[in-house]
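K.L.:
Residue numbers (my numbering), protein chains in the order written: chain A, 154 to 455; chain B, 154 to 455; chain C, 154 to 455; chain D, 154 to 455.
The list that follows gives simulated cross-link-like pairs (lysine-lysine, PhoX-like), each with its CA atoms no further than 20 Å apart:
#1 D:Lys-188 - D:Lys-234
#2 D:Lys-421 - B:Lys-421
#3 C:Lys-376 - C:Lys-199
#4 A:Lys-421 - A:Lys-301
#5 C:Lys-344 - D:Lys-344
#6 A:Lys-246 - A:Lys-188
#7 A:Lys-344 - B:Lys-344
#8 A:Lys-421 - C:Lys-421
#9 C:Lys-370 - C:Lys-344
#10 A:Lys-370 - A:Lys-199
#11 D:Lys-199 - D:Lys-251
#12 D:Lys-199 - D:Lys-376
Note that these hints are calculated values from the structure, not bench results.
4 protein chains.
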Amino acid sequence: MTNETKLWGGRFTEKTAASVEAFTASIHYDSRLYKQDIAGSRAHAKMLVAQGLITAEEGDQIHNGLAEIEQEIEQGVFDFKPELEDIHMNIEKALVDKIGPPGARLHTARSRNDQINLDLRMYLREETGRLIALLDDVRTSFVLLARKYLGAVMPGYTHLQRAQPVLVSHHMLAYFEMFGRDQERLSDCLKRINILPLGAAALAGTGLPIDREYVAKELDFPKVTANSMDTVADRDFALEFVSHCTLIQLHLSRLSEELVIWSTDEFKFVELADGFCTGSSIMPQKKIRIFLSLFAVQAAGW
Amino acid sequence: MTNETKLWGGRFTEKTAASVEAFTASIHYDSRLYKQDIAGSRAHAKMLVAQGLITAEEGDQIHNGLAEIEQEIEQGVFDFKPELEDIHMNIEKALVDKIGPPGARLHTARSRNDQINLDLRMYLREETGRLIALLDDVRTSFVLLARKYLGAVMPGYTHLQRAQPVLVSHHMLAYFEMFGRDQERLSDCLKRINILPLGAAALAGTGLPIDREYVAKELDFPKVTANSMDTVADRDFALEFVSHCTLIQLHLSRLSEELVIWSTDEFKFVELADGFCTGSSIMPQKKIRIFLSLFAVQAAGW
Amino acid sequence: MTNETKLWGGRFTEKTAASVEAFTASIHYDSRLYKQDIAGSRAHAKMLVAQGLITAEEGDQIHNGLAEIEQEIEQGVFDFKPELEDIHMNIEKALVDKIGPPGARLHTARSRNDQINLDLRMYLREETGRLIALLDDVRTSFVLLARKYLGAVMPGYTHLQRAQPVLVSHHMLAYFEMFGRDQERLSDCLKRINILPLGAAALAGTGLPIDREYVAKELDFPKVTANSMDTVADRDFALEFVSHCTLIQLHLSRLSEELVIWSTDEFKFVELADGFCTGSSIMPQKKIRIFLSLFAVQAAGW
Amino acid sequence: MTNETKLWGGRFTEKTAASVEAFTASIHYDSRLYKQDIAGSRAHAKMLVAQGLITAEEGDQIHNGLAEIEQEIEQGVFDFKPELEDIHMNIEKALVDKIGPPGARLHTARSRNDQINLDLRMYLREETGRLIALLDDVRTSFVLLARKYLGAVMPGYTHLQRAQPVLVSHHMLAYFEMFGRDQERLSDCLKRINILPLGAAALAGTGLPIDREYVAKELDFPKVTANSMDTVADRDFALEFVSHCTLIQLHLSRLSEELVIWSTDEFKFVELADGFCTGSSIMPQKKIRIFLSLFAVQAAGW
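Only chain A is shown next, with the shape it has when bound in the complex (with noise of 0.2 Å):
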């Protein structure tokens, strides 16, 4: 312990270790990126052996390595040990244990850089396309919706007070609109995600011989990204899906405030069915909020 650390430390110093393993870990949250990570492992060691760069031998050691832990992870027996800090250095680590030395050799031109990137990538692709069908059924609900209530006129409002009658299905049919941008946006970004990264390493990529269209190939990703330094330090692709979910999360807020309002005894346009509630006799108005959870409890993934 240096004097500084000392100065510093006052009631911290004691634990220090164990403040600094608990900072820097990331494992209890990018623990759900193990298929990712082990897909993306696959098709680089795949790779490695097309290249020559490790032996058929060691490509089949890794890919049965790899398997081993793919299944423990999904039989809840994998051991997760914050000390080795995310899912990348748990499963490396993990296939070192198991088959000795080709195990390193997987990291071979690659970088911790370019694999979290290529697994958050991955990741956001598969909630994307989740979200795009989600998106359809909602759709889809609403078409069913305005088809069952034709004809039928309610109050238009503007600020909440009475401006025109509209058909129901006209208004049910905004929704249909809203959804189908929101799809529009996440198409979009999917073109910016879908991009492999693997092989800018750190930041400046490899001298070795890598085939990177070869990944890409393998790993269904149309394009390869152009330029390292870029590719290992921007994220814009995760924000712009984040900033697009916001954007259905507002429309979803907004159907759901219509539904609030229209639940209430003073306007009583909807009653909601009883499978949307919970068995509280005292407050009926929940049904709202889970009504709505369908959608929202599904698109997490939860």
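We have chain A already, so just place chains B, C and D on it with the hints.
P.N.:
Okay, now just chains B, C and D, sitting in the frame of chain A:
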């Protein structure tokens, strides 16, 4: 003065009228939409004539009146009145003052609700085009810089610690990529901005025989909106535009921070040209802020 | 024009000078600080005389010059120049133009860094006082309303579903409590705003024999700041002020939402007085927005 | 399953029950409030006995039951059930299971609405105290550093350009001031946190003869809230707490950025001690992040 307002008022009561006007007026910021508002009105009037909803003579009077108003605004002699609230009412009132009853007929089959939506879309359409063109210039500059310093090497940093040597050109071209994605995002957004909202009226459309496709063609919109309730009550296209601008700013901020650090005495990687500096001999670091202002100021159209 | 700026410039180059001025100027928004700036300069000059740093005659010239400038600004005849950047330089330049060299001596032992800090603190100190007084009026109004409707019963809602009957007065007094806490927060913040920063100079203080306590007394500050580097580089007091304003707005928003819902045809709990409505016969709901504007407009000092 | 839910459902319908439970449950994050929830229940039960609302024997049973539950939670053997939604229901159900009907009587004159408010206030009261104490340590460290480097000079920067020489100690003590204001803000906030909400019930209070002052004294609250509708529906004290934490983070971020810059090869002002570094020999810069983690990790109570 009712009893109720007195109860509420306290020190407020005397200035009520002025406060109300000040609070509801938007003319001090939406006056910048005058061009779009007038262009929209011209197209609308032309359609009203074509559909026989107003006479050709009325149409001519409207066009001439609007031309005069536009000229007055551009010459800085138009008298914007806060008590007329917004740009739409200011122009319409001036038109009626100039040409009498036909001026009022311009509002046939239209509401301020779809009118402001149109103005905003036309404004953002132009700004989006301008931003994309400005980003073209910025990207070209990075290509020229990359070419100029071909072969030059500089330290590549992670966490501001020297990690690996990189080419200056490689670093410059990282920005070429970033601003390229920003352009793509704006182009994608443009698809959702560039849709004609006129015809939605207040929220329920109009029973009059208008021709929306005609107006769309006049104003160069490839599509018309599909649902009037969605049209008047959603500004997601504007939120999307703003989100994309945030990412541009984030990239500019990254560039700025690099220039700030690179131009310190300790790093001494760059020296900014005098043309981008203020006269202050005390604070040479101001160069940096001004250097970047080139983009920011022009982008904001000030 | 150097080679480098040309490379960067593209379409920018020609308008450089104007862009730079437009970007660095703050006069279009900090001109509202003229009163505080002049009051601060008066006190500073008085101290410089007391400490023998300028002569009594110079002090008088400065005071007379500043008085003239203040009058010109208030009469709307002062010529604010963007090329002089900010309120400090605009006033100082005008002073030198009026009284010559003594005007420049006003800047002795002072920097724009501590000067703007002073102006901002004086401005926020006044705004805080005004807000607290306005909230007094608002709270009194709720007490009067509670008294007026003593004994009246209304539904209490949870999730906008009728839950239990409550007294109208009880509901009104909930706002009395909320805005009371908002006042407390502002008072607490005032302790951190109300500290004299002058004397910190650019960042390292000054070697001249200034008397900070003298200036503090002149300007009615109970304390002086303790550390010059902290003083010039922190605006946490302003952020705190803004946070507290956000909570006030949140409470006003809750009130507004209740008025919006209560004044619907379906709820019909309140009818807003005509004095708070615009002339529009089509959209009576506008009453609500204007009703609330009373507070917002006055609070913003427009 | 009604017709309506089918229309809405699409792929959702089958998993409804689980989604609903997952969405409404908060136990995965509010379980950390168990200590406060139990302490609050103890005081509430004691008051119920004192007021004759439950018998002394029932009171004893409740205390013993709660003691057992607390022990189980602390030993990690308590079975938290998401279907019981939150910490209140989980504990109450366990209590009824243990002691039967008297367990249910604990909910007399209380609602989850005022109960969660109490838990949150007790939790924030403790965290506020802890943060103030941690900031004491941090401030002391800066004083020790200032003393250690008495007389040492370093460059003072504006815009990261060398401006004037300053004392290292002076720079350190700037942080002493910043974190001191952060402490003041937390102390001020504590006055608004430290108020007993119990007795507000769902929103309208209770007709039962409770003694709020008794409970306040038991739980060491100097005041009780004044209005039940305000009490259950406002969390401004928590928002205020979060705002103040944001300012602490801002000050820590400023410190971090300085350490990042100062520990570059180019600046070389500081060398971080090994005790605050990870084992990575490739990225020594990680020292910085860990250095700061001391505060962040402990403050978050991980």
